[in-house]
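Peer 1: Now for the letters of each chain:
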Amino acid sequence: MTAIDLSIRAAAAEIELIGVTKSYDAKNTIIPPIDVTLRPGEFTVVLGPSGCGKSTLLQMIAGLERVSGGRIVIGGREVQDLEPKHRGCAMVFQNYALYPHMTVAENMAYSLKVAGVSKAARAERVAKVAKMLGLADFLERKPSQLSGGQRQRVAIGRAIIREPGVLLFDEPLSNLDAQLRHDMRVELAELHRRIGATSIFVTHDQVEAMTLADRILILNKGRIEQFDTPKVIYHNPASVFVAKFIGSPPMNILDVTGDGSVLRLADGQVVASYAGKGNFQLGIRPEDIAVNDGGSIKTEIRYREDLGSHEILETKIADQNLRIAMPFGVEIDTGQALSLSFPQARLHLFERETGRAISGAFGDAKSQSAAAKEYQ
Amino acid sequence: MSSESSLFSHRWLPALLLAPLMLLIVLFFYVPVFQAFYWSFFLEQPFGGGSEFVGLQNFQRVLSDPEFWGATGRTVIFMLTASSLAVVVPLMLAVAADRKIGMSYPARNILVWPKGIAGASIGVVFAFIFNPFVGLMAPLNVLFPGLWNPGIDGTDAFVTLVAAHVWSGIPFNFVILLAGLRSIPPTMYQAAAMDGAGPWRRIFDVQLPLIMPQLFLTFVLEFTESITSVFALIDTITGGGPGGSTTLLVYKIYVDGFRGFDLSGASTQTAILMVFVLLLAACQFFFLGRRINYER
Amino acid sequence: MVENARSINIAAGILLAIGILYIVGPLYLTLSTASQSYEYMLRNGLAWVPGTEFFANIEKVIHDTRIPIQMLNSMIVAFSNALATCVLSFLSAYAIVYFRIRWAGVVFALILATIMLPLDIRVITTYQVAANIFSPLNAVLDFTGLNTLIASVFGSPVQLELSVLDTHFGLVAPLVAHGTGTFLFRQFFMTLPKDLFKAARMDGAGPIRFLIDILLPLARTSFASLFVLTFLSGWTQYLWPLVGASTPDMQTAVVGLARLVPDADGQVPDFPMIMAGAVLVSLVPLTMIALLQRFLVQGLVLSEK
Numbered sequence: 001m002t003a004i005d006l007s008i009r010a011a012a013a014e015i016e017l018i019g020v021t022k023s024y025d026a027k028n029t030i031i032p033p034i035d036v037t038l039r040p041g042e043f044t045v046v047l048g049p050s051g052c053g054k055s056t057l058l059q060m061i062a063g064l065e066r067v068s069g070g071r072i073v074i075g076g077r078e079v080q081d082l083e084p085k086h087r088g089c090a091m092v093f094q095n096y097a098l099y100p101h102m103t104v105a106e107n108m109a110y111s112l113k114v115a116g117v118s119k120a121a122r123a124e125r126v127a128k129v130a131k132m133l134g135l136a137d138f139l140e141r142k143p144s145q146l147s148g149g150q151r152q153r154v155a156i157g158r159a160i161i162r163e164p165g166v167l168l169f170d171e172p173l174s175n176l177d178a179q180l181r182h183d184m185r186v187e188l189a190e191l192h193r194r195i196g197a198t199s200i201f202v203t204h205d206q207v208e209a210m211t212l213a214d215r216i217l218i219l220n221k222g223r224i225e226q227f228d229t230p231k232v233i234y235h236n237p238a239s240v241f242v243a244k245f246i247g248s249p250p251m252n253i254l255d256v257t258g259d260g261s262v263l264r265l266a267d268g269q270v271v272a273s274y275a276g277k278g279n280f281q282l283g284i285r286p287e288d289i290a291v292n293d294g295g296s297i298k299t300e301i302r303y304r305e306d307l308g309s310h311e312i313l314e315t316k317i318a319d320q321n322l323r324i325a326m327p328f329g330v331e332i333d334t335g336q337a338l339s340l341s342f343p344q345a346r347l348h349l350f351e352r353e354t355g356r357a358i359s360g361a362f363g364d365a366k367s368q369s370a371a372a373k374e375y376q
Numbered sequence: 377m378s379s380e381s382s383l384f385s386h387r388w389l390p391a392l393l394l395a396p397l398m399l400l401i402v403l404f405f406y407v408p409v410f411q412a413f414y415w416s417f418f419l420e421q422p423f424g425g426g427s428e429f430v431g432l433q434n435f436q437r438v439l440s441d442p443e444f445w446g447a448t449g450r451t452v453i454f455m456l457t458a459s460s461l462a463v464v465v466p467l468m469l470a471v472a473a474d475r476k477i478g479m480s481y482p483a484r485n486i487l488v489w490p491k492g493i494a495g496a497s498i499g500v501v502f503a504f505i506f507n508p509f510v511g512l513m514a515p516l517n518v519l520f521p522g523l524w525n526p527g528i529d530g531t532d533a534f535v536t537l538v539a540a541h542v543w544s545g546i547p548f549n550f551v552i553l554l555a556g557l558r559s560i561p562p563t564m565y566q567a568a569a570m571d572g573a574g575p576w577r578r579i580f581d582v583q584l585p586l587i588m589p590q591l592f593l594t595f596v597l598e599f600t601e602s603i604t605s606v607f608a609l610i611d612t613i614t615g616g617g618p619g620g621s622t623t624l625l626v627y628k629i630y631v632d633g634f635r636g637f638d639l640s641g642a643s644t645q646t647a648i649l650m651v652f653v654l655l656l657a658a659c660q661f662f663f664l665g666r667r668i669n670y671e672r
Numbered sequence: 673m674v675e676n677a678r679s680i681n682i683a684a685g686i687l688l689a690i691g692i693l694y695i696v697g698p699l700y701l702t703l704s705t706a707s708q709s710y711e712y713m714l715r716n717g718l719a720w721v722p723g724t725e726f727f728a729n730i731e732k733v734i735h736d737t738r739i740p741i742q743m744l745n746s747m748i749v750a751f752s753n754a755l756a757t758c759v760l761s762f763l764s765a766y767a768i769v770y771f772r773i774r775w776a777g778v779v780f781a782l783i784l785a786t787i788m789l790p791l792d793i794r795v796i797t798t799y800q801v802a803a804n805i806f807s808p809l810n811a812v813l814d815f816t817g818l819n820t821l822i823a824s825v826f827g828s829p830v831q832l833e834l835s836v837l838d839t840h841f842g843l844v845a846p847l848v849a850h851g852t853g854t855f856l857f858r859q860f861f862m863t864l865p866k867d868l869f870k871a872a873r874m875d876g877a878g879p880i881r882f883l884i885d886i887l888l889p890l891a892r893t894s895f896a897s898l899f900v901l902t903f904l905s906g907w908t909q910y911l912w913p914l915v916g917a918s919t920p921d922m923q924t925a926v927v928g929l930a931r932l933v934p935d936a937d938g939q940v941p942d943f944p945m946i947m948a949g950a951v952l953v954s955l956v957p958l959t960m961i962a963l964l965q966r967f968l969v970q971g972l973v974l975s976e977k
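Residue numbers (this note's numbering), protein chains in the order written: chain A, 1 to 376; chain B, 377 to 672; chain C, 673 to 977.
It is possible that part of the hints are untrue.
Heads up, incomplete: computed chain C residues facing chain B, CB under 8 Å, no partners named [what the hints assert, rightly or not]:
| # | residue |
| --- | --- |
| 1 | Ala-677 |
| 2 | Tyr-694 |
| 3 | Phe-771 |
| 4 | Thr-798 |
| 5 | Ile-884 |
| 6 | Leu-929 |
Distance ranges between label pairs, derived from CB positions [what the hints assert, rightly or not]:
| # | chain 1 | residue 1 | chain 2 | residue 2 | range |
| --- | --- | --- | --- | --- | --- |
| 7 | C | Gly-878 | A | Glu-305 | 27 to 33 Å |
| 8 | B | Asp-529 | C | Val-778 | 48 to 54 Å |
| 9 | B | Lys-476 | C | Leu-784 | 35 to 41 Å |
| 10 | C | Ile-787 | B | Lys-476 | 33 to 39 Å |
| 11 | A | Thr-354 | B | Asp-571 | 53 to 59 Å |
| 12 | A | Glu-305 | C | Leu-784 | 54 to 60 Å |
| 13 | B | Pro-515 | C | Pro-889 | 56 to 62 Å |
| 14 | B | Asp-529 | C | Leu-864 | 55 to 61 Å |
In case anyone wonders, no lab produced these hints; they're calculated from the structure. Cβ atoms here follow ideal geometry from the backbone N, Cα and C, with glycine treated the same way.
So that you can see chain A by itself, here it is in the shape it has in the complex (with noise of 0.2 Å):
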């Protein structure tokens, strides 16, 4: 291969929120105060539901918001009385947020245009990033000529073009097709390791979450659930919300009692030994439940979904939903009758009251989570 030049590199910044909080009015707060940092470099997905605060989150770093208190704080600079352009942030828009009278090549050099470069240098770096991004081709048609993948890249390229080293991505995938969606993942995950600008990427897709991110923000109701790596999420969640959010199918939930020997059903079936008392909520996620291995709760399908590569079993205990993923291949039909296990190690407990995680509950699941950290 030939060697291409790399000097699209950022000089990547850490990023500070201290207290970082915002509300339109006394009874509307968006986002109460909020701290976290996160490092040089580091790719972090701030992922929750819609209407979570994440894209205000977001404009606030970027500067399309103001805050209403707190400091934010990017490469030891504060920031957050700054305009956009002095902050040092580029930003990949949701609909592209292409100009549309512009040629690609006036849309990623618009910006250099703006700060004053000469013709010939932002020719230079067009020409760089269109290289990179496989747009050279292109650099001559207008966005309405253009597919929505290279649409994506165009906007992409605007961002890195000025080599920002904060690189922020508003929800930027949400527009393309399955498999359009699944390419850029792999390119922007690429991209990342090439530019290494400390990016932000927002988004309610949990897939997207899981694979690109070093670490991820929960985020809900403007409050943080969690911020940890991929791993850790998935095989550890701080509450129930993110045991919910993550997986899919998600984690099943079930509230049980705890008499200080074990963990009861409403129904009275035992479901796992605990020394606690009172109210939890039992996590489990469907691939863990061992089917028909002489367990002993009782219970019988009520709907198959054949998904190919696995089979999805709907069932009840206790008038509460479970769901079981299955193997491919398992003899098992509509109405019949089921034993289940909870093997004790992939069980997760939370309060039922504050929806926390109880940590170390069953001894096993820690080594999951030690596993995790080694990780970082």
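Place chains B and C on chain A using the hints.
Peer 2: Relative to the frame of chain A, chains B and C by itself:
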């Protein structure tokens, strides 16, 4: 929207951008509007002889003048007839032009031509065409003497005005209503067709109900338009006659103010006309507008 | 769709034919009469067939009337009206939509209210303002008592006087004092994606750059629509130019045309010559419609939404 704080914040630039237009609007809109009301309480001497506060005397004088009531009555009659026709005729044409037939292409082009022809110009033309001696009706007048003479018969003059007004009003209303019709999604027709509604029926069951917003808007604008733009037509076709039978309020104000130099009277009538126009618009919005807003 | 729409299509065709006839008929009669001689018209009345005198009649209009110079006036008025409306409306809509100003809603309402009361209604008092555009200032000085103060210091009160009657500026300015353009541009700005503005800000564009580099090129069609609309409106004005200009050389062509018809009854007017004048006066706007119809239709639709 929530992104309000991402707007430009600048102290004097927006004021600077707004200043030229605002200056013109204040000077040539708000000051005259204010002055019309102000003067309606003063008796103004025509040749700069000073003015004197007279309270409601001007209103008493105007409101007890039978000519004022005559002009007001004719204005209302004209408003009702001319503006109804000026909406209904373009509506029928728009429904017809919305169909994919050979005639609709030239029609869409030709029907906007009147927009380029001044009311006064078409007034001059209509005055000629409806001239009793050399115009369209001249041969009939020879056969039946006195059948048509807008110079003597007030009704004939009034009809000529209405015809000219409708002619002038076709482009705007046609374009708006056609745009409304074209924005109806085709699936709506398909659904109606599946429900068994034929093309005639769909006009009343689908098209008309769905362009109610546009229809309402054309009516609102047309009411004001018919009251004001008729001046050019009156001045060129009838001159307010015969015998004042086509003297509408807007023409009477002009005559009183610029020929009779009765500034106070003209201002008072202007004030009354303004209140009338504003009330009319307000009524239409409150009583009609409320019922016909569909979410699409 | 598979359906029998014959009857409705025939009816629609007939209706449109009548509509076209209604529009074109008077125009045709104008043209055909304009091409006949006065004597022909006296003998036969209105001309159904074109004659040969068209250019003779046009020449009569050009030589015997003030229509040529009045057409120049119309051109100036219509063009300045269109240009000024486009520029001022664009700037004010820009300020209202893209700046954080507390009174944006009030300002917009004030601008929009101008649509409710057309110039023709308030012509009497607008005329008075145009006769001395400083009269509001004088009144304010009088009313606040500042003038008494000034009079006691300088010996006489301030009474500025400047009439814009019989000037092109005076013919145009009251037409520009109108909210449709601002409304139209505001509507257009609202249809632009919000992210476009944010992207430009991320790219470092300030208010002026955003205006010139992004908004202006994108608004080209809106400009064209508004320009056509206001040009036509300026050209076809009647009442304001009638009172705003008192000398024939300052009047607009439409007013001049109306003045060709003698006020007094008696002799039948020279209708062929007048019709030739009508043709001449309508030539510019009709050409404009023929060439720029797309923008006109778009403008009409946009100004309504």
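Peer 1: Could you run down the list of hints and mark each one as holding or not?
Peer 2: Here's how the hints hold up against the structure:
no. : hint                              : result
1   : Ala-677                           : holds, 5 Å
2   : Tyr-694                           : holds, 7 Å
3   : Phe-771                           : holds, 4 Å
4   : Thr-798                           : holds, 4 Å
5   : Ile-884                           : violated, 13 Å
6   : Leu-929                           : holds, 6 Å
7   : C/Gly-878 / A/Glu-305: 27 to 33 Å : violated, 55 Å
8   : B/Asp-529 / C/Val-778: 48 to 54 Å : holds, 51 Å
9   : B/Lys-476 / C/Leu-784: 35 to 41 Å : holds, 37 Å
10  : C/Ile-787 / B/Lys-476: 33 to 39 Å : holds, 35 Å
11  : A/Thr-354 / B/Asp-571: 53 to 59 Å : holds, 55 Å
12  : A/Glu-305 / C/Leu-784: 54 to 60 Å : holds, 57 Å
13  : B/Pro-515 / C/Pro-889: 56 to 62 Å : holds, 59 Å
14  : B/Asp-529 / C/Leu-864: 55 to 61 Å : holds, 56 Å
In this structure, the earlier hints numbered 5, 7 are contradicted, and the remaining ones agree with it.
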